[in-house]
Amino acid sequence: MHDAAANLTVEPLSGDLWVARMPLPMRVEPVNCYIARAADGSLVVIDTGIDVGAEQLWHAALAQIGATTAEISQIIVTHFHPDHIGAAATLAELSGAEVYASAITVEQTPGVWGPG
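Numbering (this note's numbering), first residue to last: 1022 to 1137.
Just so you know, these hints were derived from the structure itself, not from any lab. Keep in mind that the hints are not guaranteed to be accurate.
[What the hints assert, rightly or not] Quick list of the computed label-pair ranges, beta carbon to beta carbon: (1) Ser1063 x Thr1030: 20 to 26 angstroms; (2) Leu1034 x Gly1062: 14 to 20 angstroms; (3) His1100 x Leu1034: 18 to 24 angstroms.
If you're wondering where the values come from, they're calculated on a predicted model, not measured in any experiment. Don't be surprised by glycine CBs; every beta carbon is placed ideally from N, CA and C.
Kindly generate the complete structure, drawing on both the sequences and the hints.
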């Protein structure tokens, strides 16, 4: 997946909101991951893509908007599909961000988050 970042696109949606179209290592469309700048200047990521190549992809996506993982304060996952939650743990580790998910999503992810 060394060339995955070449297929990555980050597009502005409005003001301080971007969509990062993360490529997947299979024949489907990329997953939309949203990046929003919060009022305090930090970044909020909504959905993370899968974990394959996540570190490289997130560094590349954030570089396209002049940001780094250190600016991410929150990660929100919308549901338990690997292309939406898969890289949440990796991105949280890289950034130190808090991860938010619904109770049912947390219940479905013991393999991702571990016990508790």
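Looking only at beta-carbon atoms, does the pair His1100, Leu1034 fall within the given range of 18 to 24 angstroms?
Holds - the Cβ-Cβ distance for His1100 and Leu1034, about 20 angstroms, lies within 18 to 24 angstroms.
20 to 26 angstroms was suggested as the range; check whether the CB atoms of Ser1063 and Thr1030 agree with it.
holds (23 angstroms)
Using the beta carbons of Leu1034 and Gly1062, state whether their distance is inside 14 to 20 angstroms or not.
18 angstroms Cβ-Cβ, so the 14 to 20 angstroms window holds.
The structure meets every hint from the earlier list without exception.
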